[in-house]
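Letter by letter, the chains look like this.
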Amino acid sequence: MPTFKLDGRDVDFRPGEMLIEAAARAGVSIPYYCYHPELSRPANCRMCLVEAKGAPKLIPACQQPVNDKMDIQTTSERVKIAQADVMEFLLINHPLDCPICDQAGECKLQQYAYLFGRPASSMEEAKLKLEKRKVLGPHVVLDQERCIACTRCVRFTQEITKTSELTMIARGNHNVVDLHPKHELANAYSGCVVDMCPVGALTDRQFRFQARVWYVQPTPSTCTLCSRGCNITVDRRGERAQRTEMKRIRGRRNPDVNASWICDEGRYGYQQPGKGARPVRARGATAAAAELMPALERAQERAAEMLRAHAGQRGWLGALASGAETLEELSALAEVARAADPEALLVVPAFQDGDEDAILRRLDKVGNRRGARLLGFGEDAAGLAKRRVLLVADADARPRAGLPEALVADLARDAMIAFVAHERAWAERAEVLLPLANAYEKEGTIVNFDGVAQRIRRIVPPPMDARPLHHHLADVAAGAGLAPIETDTRSRLSALAAGPLAPLDPSRLLEWGARLPKERGGDVTYFEEPAQLFTAAPKAYAEGEYQPFMKAQLPPPAIHVGAGAPSRDNERFEWFGPSRTNVEEASAPEKAP
Amino acid sequence: MYGKDFEDELERVESRFPPERKRAALLLALHAVQRVKGFVPDEAVHWLAQRYDTSPADVQGVVSFYTMFHDRHPGRHVIWLCRTFSCQLLGAGAVMEAFAGALSCEPLGQDAKGEFGLRWMECLAACDKAPCALVDDDMYETLTPDSVSLVLDHVRKGGGGGRIVVEGGKPKLVPLDVPAPAGDSAVPRLGGR
Amino acid sequence: MAYENVLIKGCDDPANVTLDGYMKRGGWEVARKALKSRTPEEIVTLVKDSGLRGRGGAGFPTGLKWTFLPKGSTKPTYLAINADESEPGTFKDRYLLERNPHLLLEGVVLTCHAIGAKHAYIYLRGEFPRATKILQAAINQASAKGFLGKKIFGTDLTVDVSLARGAGAYICGEETGMLESLEGKRGYPRNKPPFPAVEGLFACPTIINNVETVMTVVPIVERGIDWFKSLGSEKNWGPKVWCVSGHVERPGIAETALGIPLDELLNEHFGGVRRGHRYKAAIPGGCSCGIMTSDEFGAKMDFDALRAVGSSLGTGGVMVFDETTCIPEALLNFTEFYAEESCGQCTPCRQGTGWAARILRRIVHGGGTMRDLDEVVRLANGFDGKTICALADAAAIPIRTYLKKFPQEFAEHVERGRCSLDVGLAACAGNLHFISGGH
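Here the protein sequences line up with chains S, D and P, keeping their order.
Here the first sequence is numbered in numbering that gives the first Met the number 0, starting from 0 and rising by one per residue.
Here the second sequence is numbered in numbering that gives the first Met the number 0, starting from 0 and rising by one per residue.
Here the third sequence is numbered in numbering that gives the first Met the number 0, starting from 0 and rising by one per residue.
If you are wondering where the hints come from, they were derived from the structure by calculation, not from laboratory data.
Positions of the beta carbon are idealized from the N, C-alpha and C atoms, including for glycine.
Hints may be right or wrong, so weigh each one.
Counterexamples of contact, computed for chain P against chain D with all Cβ distances above 12 Å [as the list claims (entries may be wrong)]:
id	residue
1	Asp294
2	Ala298
3	Thr324
4	Leu372
In the EDC-like style, the derived pairs of lysine to aspartate or glutamate whose C-alpha atoms are separated by at most 20 Å in a straight line are [to be verified]:
id	chain 1	residue 1	chain 2	residue 2
5	S	Lys79	S	Glu144
6	P	Lys184	D	Asp135
7	P	Lys184	D	Glu19
8	P	Lys117	D	Glu42
9	S	Lys4	S	Glu76
10	S	Lys181	D	Glu10
11	S	Lys56	P	Asp392
12	P	Lys191	S	Asp263
13	P	Lys184	D	Asp52
14	S	Lys161	P	Glu374
15	D	Lys156	D	Asp135
16	P	Lys117	D	Asp52
17	P	Lys404	D	Glu10
18	S	Lys246	S	Asp263
19	P	Lys23	P	Glu3
20	S	Lys79	P	Glu374
21	S	Lys126	P	Asp371
22	D	Lys21	P	Asp371
23	P	Lys184	S	Glu158
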């Protein structure tokens, strides 16, 4: 590999790479605001200036392709002064909003001011007064005073969504980001501009003033609301089971699945429905069975009855799932159904909705479609009409998604046991209703349309009686006299890895997924942590030299997946690294009742 | 939107640029719109955005970048008075005060009748004729505070530019060295065919 | 031997703007002959060997720039003429455009032939409607005669000239800012590399030259290198059009060889300092040049000699200040100019020029402190050299040089809160308004 000189040592680089990227891979952090790996590079923030031997002026590292004759200094006096100057210039008109700004704690300005800025400002003039609370659209609010004119948001709407709602208005000091007065920022990815704004100029209307970021726990997971399976980071607040709640979903960078983006549906789709919209207590045929144990017993009874009634017969059982379930759950459903009736019909019906585009969204709103197919679930629901007994699972937490009403209502049957994560009209007719944990409440694996197997993580505990499907099924099957099924999620995955997911090695399945082979006998491609661009956790943090109050806030270091500085701060800042907290906790085996 | 002649002329102008880069005619189109309406109204922003396959926000960004484009009506005749130093040395400040007094308006504003808008402009590149002003398409040179009413009257009567000379202690407006040619500069009729 | 004008020749004759009037003086003959007798390579070599340096302010060797075009590119080559003359104190391009438009067009034809460009765009300031009309009429006449357009002068050559207009932005005189504006966008300068010669207008190879530079190509082709090098001195050859304004008896235009001493230029061609006054200072080439004190007026006006006195040739737009001039006021005026004209793209210029203007306003109008004087120089050093284009560098030069050469005046403004010169409001205008947007 070709090499160049960086801070006195030889570092290799890939031809065509930019200096900032090559330096990052070598562990050298160069600060930046306007650079973003998915967008064009205007090099206008001037924060990434470095010194190149032989060049009279400092050069922007984000825009400079590396060549083997370069001799670069990133920490020389000139560079340090330039960084301090840029910080000072940025803070001239920046309002002192930190105490009320959402971005505090994950703000690049704060972080770089600490690392590269001067301790005091000499600015005595009045700051510019601009609009501070401009609602741009259903999800985004703009504060023009906080804006540092990096143009990431403008470039995003121009280059990614190609809708160009945002523009810079005026010039010079009076440069502001704005919309055309008669339009709003309402494209399908509008929330992404909040993710990528390095400061608190663009904030999320839903998250505004909801929580301080150092009080939330970020957890990596995968979105299940369409078959793309975008990588997300979910922030939750609260440690105690009763009080924990999800505060925010952000996109997580995965160059092989979703670049750095997620659509607004995935971002805001976690809205926890109000009470009553989701069953949290099991229900049986009688009112008295409105508790888990009695309902389970009722289910076991009915299951045993149906097994006796159809003993020796084949083709009497149908298992219908929405496709929002994990592989572990679907395989449990298939296992139990086939154990009861070797010719049980397994169906995950087609569900297409909304829009599709060339960026991320897919018409197929079934998160685990490919996974279901791998496990033998078909798409044609016609054969279900002849099945007398149904097991119906719908882990979809969206009110207007999941199994279509019309489909299930038409099915005549002798018995139906339903497992649902959201109130469904058809579930009224089930004899037993057992609540399911939704996609944010359980561990599991799904496979996206492209064949990438990814993990979903438990962010909040499922409420009351809700459990993952395989836990319910284990109890029903055992009570009905069928062979026991494995309830431990990790063991289920290992079994699948030896079967339909072969040759997947679960211990190598990280937060960025793994692409399953297209044909039998092919190899699995394991995706690793994308290169982090800024790994310099402040020296002080690492060495414990920080203010006493900060020490109190810092949570204990978590075991993290992949290489990188062992600081939880890394996932708060958009340094394109993984979310590393909570993985240990989330991987803990769940307890079945 | 502004008539067939206007659109024909605009198409002719656009044909001077590569076909996939028609947008290069945007500034010329905005000048032309401003010639018709006096400023760039919202309907024009939308029309041009559609014409050049971009968003209204993008066109508005262009309009707001350039000092000479107005997003609301600035007054029928805009007086751009040069504020750069050669003109200041020779008394542009007093000339501006005189204009402001004669029109009873502030710089960056317009008079009550909406007849004149008053603006500062950066160096008009006529420093040997300081202090100078650009009014519509015409230059008014070597201005003095007591000549502003001559200039205003001249503009009201059709303009054409002029130079102020002082004869017998009184200001007089004489023709420019380089006379204003006839014709409409807003959308230049481009030759070469 | 008296100097013979080649660029402003004929500019006194109103008929010179017409094709017939121009041709009566032998106009268009150079192009007619050169298209038939000289190859493109010959013209490029000629201009390169002449040592002609750009007359737009940067002084880059023109012929050398022409050789940066990539060989064998499948994309069309463009010529873009920078007629966005906005540098304060500069008015030579306007003069030449309005009085000698055909000389520019002839230079365009020669240049297009040399660089292999079929299309030339002349980007004019939006504030030049008169020049636009005159130039358009000249283009129409030349086209009608077969001097522009397809198959010009009976050859197979095409030279298509179009006009483009700006709309009031100094930054569109920066070459890549001009390209962005020509493409119909906000005039944001581009990062270089890639350089315009490789990837310029419409992402095609583009040569950008100033009006005066292209006009100078004509006499070079006509009279040759020996003539060109008979004017001026080593690496600073050729004719130059000067535009002088401010406190001289006869502000206006003159043409001499490069290298004329400033005092000789002012005294012989512009009547010297206005009657009853004394020289105090001058800016030799637009406000982006360092200020010269009156005892430095013996310096030769060329690219290299002026550096020795901490200044530069720039555009050759000279602003002369006599003893009634308040230097801090001048600095404020120019700094506000830069703050107003900054495009706002990059942090140091956008924030720094605005901040510097605010500090200077306090210094000039009262409320300044001695610390502010150091502060504003520190700022200038902060934004100098850190930006995408040279506007910030240009803004830093006046701040540094004025404070260095006239420290007592600034100190007086700080101590007294106002000017020590007793000149009244008109000349030391305390009523300068900070333009904001002009809308």
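Query - Hints violated by the structure (numbers, ascending) - result: Per hint list: 3, 5, 6, 8, 10, 12, 14, 16, 17 and 22 violated.
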